[in-house]
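Participant: Chain by chain, the residues run as shown.
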Amino acid sequence: MTGSPPAGDFMSGVRRACTGDPGAPLVLLGNIEVERDWARGEPGVPAVGDDAPSAVVARMDEFALLLGGADDHVVLKSAPDPGHLDYLRGLGLDLPHVQVTDRCRPAVPVTAEALDSPALLARLRPLGAAGVRLLPHGISAAEKELCRRSGLAAALPPAALAKRVNSKVYSRRVTAELGVPLAEGWECESVAEFEAVVEKAAARIADGAVVGVKDAYGVSGKGIVVADRARRLEQLVRMVRRRAERTGDDRLAVVVEVWADKSADLNYHLTVGRDGSVRFDFVKEALTAGGVHKGHRFPARLTPGQLAAVEDTARLLGRRLAADGYHGPVGVDALVRADGSLLPVLEINARNNMSTYQTRLQERCVPAGAVVVARQYDVRLPAPVPFGRLAAALGPLLFDRAAGRGALPDSHATVNAAFTGPAAPPAAPADGRFHFLLVAPGQAEADALDAEVAARLTEFGDVR
Amino acid sequence: MTTHVDEARNDLQAKVIRSLEVVLRKDLAEATAQTKLFEELGLDSTSVLELLMTLEDDHGIEIDPETLEPEHLETVGAVCAFIEVSAASGAAG
Numbered sequence: 001m002t003g004s005p006p007a008g009d010f011m012s013g014v015r016r017a018c019t020g021d022p023g024a025p026l027v028l029l030g031n032i033e034v035e036r037d038w039a040r041g042e043p044g045v046p047a048v049g050d051d052a053p054s055a056v057v058a059r060m061d062e063f064a065l066l067l068g069g070a071d072d073h074v075v076l077k078s079a080p081d082p083g084h085l086d087y088l089r090g091l092g093l094d095l096p097h098v099q100v101t102d103r104c105r106p107a108v109p110v111t112a113e114a115l116d117s118p119a120l121l122a123r124l125r126p127l128g129a130a131g132v133r134l135l136p137h138g139i140s141a142a143e144k145e146l147c148r149r150s151g152l153a154a155a156l157p158p159a160a161l162a163k164r165v166n167s168k169v170y171s172r173r174v175t176a177e178l179g180v181p182l183a184e185g186w187e188c189e190s191v192a193e194f195e196a197v198v199e200k201a202a203a204r205i206a207d208g209a210v211v212g213v214k215d216a217y218g219v220s221g222k223g224i225v226v227a228d229r230a231r232r233l234e235q236l237v238r239m240v241r242r243r244a245e246r247t248g249d250d251r252l253a254v255v256v257e258v259w260a261d262k263s264a265d266l267n268y269h270l271t272v273g274r275d276g277s278v279r280f281d282f283v284k285e286a287l288t289a290g291g292v293h294k295g296h297r298f299p300a301r302l303t304p305g306q307l308a309a310v311e312d313t314a315r316l317l318g319r320r321l322a323a324d325g326y327h328g329p330v331g332v333d334a335l336v337r338a339d340g341s342l343l344p345v346l347e348i349n350a351r352n353n354m355s356t357y358q359t360r361l362q363e364r365c366v367p368a369g370a371v372v373v374a375r376q377y378d379v380r381l382p383a384p385v386p387f388g389r390l391a392a393a394l395g396p397l398l399f400d401r402a403a404g405r406g407a408l409p410d411s412h413a414t415v416n417a418a419f420t421g422p423a424a425p426p427a428a429p430a431d432g433r434f435h436f437l438l439v440a441p442g443q444a445e446a447d448a449l450d451a452e453v454a455a456r457l458t459e460f461g462d463v464r
Numbered sequence: 001m002t003t004h005v006d007e008a009r010n011d012l013q014a015k016v017i018r019s020l021e022v023v024l025r026k027d028l029a030e031a032t033a034q035t036k037l038f039e040e041l042g043l044d045s046t047s048v049l050e051l052l053m054t055l056e057d058d059h060g061i062e063i064d065p066e067t068l069e070p071e072h073l074e075t076v077g078a079v080c081a082f083i084e085v086s087a088a089s090g091a092a093g
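Protein sequences appear in the order of chains F and G.
For the first sequence, the working numbering gives the first residue as 1, with consecutive numbering after it.
For the second sequence, the working numbering gives the first residue as 1, with consecutive numbering after it.
Chain F on its own, in the form it takes in the complex:
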């Protein structure tokens, strides 16, 4: 099924939304760590350690490969495993031209590596001259600089606007303005505001509530403190006050929210056009552990009423984002409360989401009625794992298009992240991450497949 994309497919809609042309070729960039750029210079919850992404996160750049067709290009930190490319083509995916950065240093984000790649930039310039646009995961000053140096026009709006609409302060204020149900909570933009809010939050904790303090510009899975006692808030106040005294900067960008009892996390997706059009794309269940993304499950198990509420909210948010000048893909985190009611907006992520990268595989390979669980497995690897070895280890568990079931590896670069590049391989076992779409006829079969895949992966190292 290579060649022209199916009419009305996901990416044609994204192209139309971002460029006006459903067939416009793109240069794709999987700068998954864009939130790090948005967060820079925005004091939030105290951070420990350095700012660099892990080698595994930096190699999530390869997910962008899945969005491109034969007329597109994708910038990657290293060439994909040829076995994985053959496998994806065998599933009926036409794939983009791969443009590799000049170097691949493990913890360097793909945009930084691209900016430091004269040979790559020279290859991109003719594309820029031909009018091809850059569609990154999300847009920050670094991607704007890449556009400037490569001559590629950006498919997304200005970086400062993208940053603003990705703040959790923006999410809360817009949600309230639209009259959409909102988690009980407060926005704080200074240490003094935070101190005042902590008093209110401590009163809610005294009533038995649990409170979360979240960075307004939070990097996924970071910058969250869960407080089940007032003492934790007192400690946080002392820490941010001390920092403000040390730096002379009283700004703080956090939201404080009363944690809701939930039965499911949700992630839904919409695409906002330059012309103000809004397309609702899909809703999936989000799998999280301790606030950290672990994967998805779809279809989402929602009642017709819940689904209608999600779609209505998506359209309201999309129109508001368009009015504020944004266009491009948008994901929204939401949840279903324990009582079945919906909290339709936890945060707006005006960028690609992990679910974005599943769309073409979903359209091309997943049979109607199948249950899909997107899962990641962290493994301590003593040596790199070529795709061929993974396929052999999975054997009949490997997704087969004709059968319409099995474990479909949707990224391979994260597996060998620690072993890529010119540096000597690590002496001790290193972190690698396997990503799969587990496609099965039902939930029980998906759970069984999950357990079997985890067992097979022990062949390569300790599964965490």
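None of these hints come from the bench; they were simulated from the model.
Relax, there's no trap hidden among the hints.
Once the Cα atoms are required to be at most 20 Å apart in a straight line, the calculated SDA-like pairs of lysine to any residue come out as:
hint	chain 1	residue 1	chain 2	residue 2
1	G	K26	F	R380
2	G	K26	F	D378
3	G	K15	G	E84
4	G	K26	F	A289
One side of the interface only, derived from the structure: several residues of chain G facing chain F at Cβ under 10 Å:
hint	residue
5	G42
6	L49
7	E62
8	D64
9	P65
10	L68
Chain F stretches covered by chain G per the calculated footprint, using a threshold of three residues with CB under 8 Å from any CB of chain G:
hint	segment
11	38–47
12	226–235
Beta carbons are placed, not taken as given, at the ideal position from N, Cα and C, and that holds for glycine.
Got chain F sorted already, so can you dock chain G onto it with the hints?
Facilitator: Just chain G now, with coordinates in the frame of chain F:
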């Protein structure tokens, strides 16, 4: 021969491991002074601030997270050494 200093160190280590068990919500009976917090115990950026707050409570110290050095959190033994210094100086960081 076990000295009072050794005993105090062992007590401190046991207390630090208990703090880690609370934060990581798992049994760490096998942990030693050499055990690495991030690589071996799975401490991550989400749980590390909670660990610091728990250590503050358990050891009566104050920590400024943003002046910590990565080596302070490398191993169980490194955390113990850091707490000893912090407790002696009255505050950390």
